[in-house]
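Chemist: Quick mapping for you: the protein sequence lines, in order, are chains A and B. Per our numbering: the first sequence = residues 3 to 115. Per our numbering: the second sequence = residues 7 to 121.
Derived from the structure by calculation, the hints contain no laboratory data. Since the model is a prediction, treat every value here as computed from it, not as a measurement. Check each hint, because a few of them may be wrong.
Derived DSSO-like pairs: lysine-lysine, alpha-carbon spacing no greater than 30 Å straight-line [unchecked claim]: (1) B:63 x A:44; (2) B:63 x A:110; (3) A:17 x B:7.
Quick look at which bits of chain B chain A covers, simulated, 3 or more residues with Cβ under 8 Å [what the hints assert, rightly or not]: (4) 17 to 24; (5) 65 to 77; (6) 82 to 92.
Built from N, CA and C at the ideal position, the CB exists for glycine as well.
The residues making up each chain are set out below.
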Amino acid sequence: QQQVKQSPQSLIVQKGGISIINCAYENTAFDYFPWYQQFPGKGPALLIAIRPDVSEKKEGRFTISFNKSAKQFSLHIMDSQPGDSATYFCAASRRGSQGNLIFGKGTKLSVKP
Amino acid sequence: KAGVTQTPRYLIKTRGQQVTLSCSPISGHRSVSWYQQTPGQGLQFLFEYFSETQRNKGNFPGRFSGRQFSNSRSEMNVSTLELGDSALYLCASSRAGDGTWETQYFGPGTRLLVL
Numbered sequence: 003q004q005q006v007k008q009s010p011q012s013l014i015v016q017k018g019g020i021s022i023i024n025c026a027y028e029n030t031a032f033d034y035f036p037w038y039q040q041f042p043g044k045g046p047a048l049l050i051a052i053r054p055d056v057s058e059k060k061e062g063r064f065t066i067s068f069n070k071s072a073k074q075f076s077l078h079i080m081d082s083q084p085g086d087s088a089t090y091f092c093a094a095s096r097r098g099s100q101g102n103l104i105f106g107k108g109t110k111l112s113v114k115p
Numbered sequence: 007k008a009g010v011t012q013t014p015r016y017l018i019k020t021r022g023q024q025v026t027l028s029c030s031p032i033s034g035h036r037s038v039s040w041y042q043q044t045p046g047q048g049l050q051f052l053f054e055y056f057s058e059t060q061r062n063k064g065n066f067p068g069r070f071s072g073r074q075f076s077n078s079r080s081e082m083n084v085s086t087l088e089l090g091d092s093a094l095y096l097c098a099s100s101r102a103g104d105g106t107w108e109t110q111y112f113g114p115g116t117r118l119l120v121l
């Protein structure tokens, strides 16, 4: 039973384009939704996170859109750069279990120059 | 401030052996979580420790165990290793207040290969 479903599995975008990664969750008790970025040989690093009381959060070129009724959230990377090429993971956790992040399967993003 | 450190970075073991991995959290962080990362299953939660007590546990067999020391450093142990235990084992630390809005900071991982 996969509690957080992520798509697409891989994504190729031209430099300057918009990268969009989508996630859907099942457990309505989730109340924290972070996105992590992982480069080869490194551990995941927090990119941006959102709580369900807001519908959008923007930090620089990265934006999370959140749809509570649809139980979906997405990451938009504007003006994608070759340095953004990495694997991106969405995740979710719930109050009382904050040390337990449920991750999506990941999206491997390649930004072509 | 130093990040999360994990030792060793690479490890090769044979089936049936046991292994101990170590994690030192960021200074001041009291929660340590462990995750297993494989190409097939992705990132899966193993367990979380806070103040030397296991606070949450994932769906892994009892061969996987852990502990946390008074200085918040943590170890995980895998006994009777199986080929399927080959993975990247990641440790993450957080300040772990009462709320859920706590960032987990990951270490670089220990890559375990079981032959």
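Chemist: A separate judgement is required for each hint: does it hold in the structure or not?
Modeler: Here's how the hints hold up against the structure:
no. : hint         : result
1   : B:63 x A:44  : holds (24 Å)
2   : B:63 x A:110 : holds (28 Å)
3   : A:17 x B:7   : violated (34 Å)
4   : 17 to 24     : violated (count 0)
5   : 65 to 77     : violated (count 0)
6   : 82 to 92     : violated (count 0)
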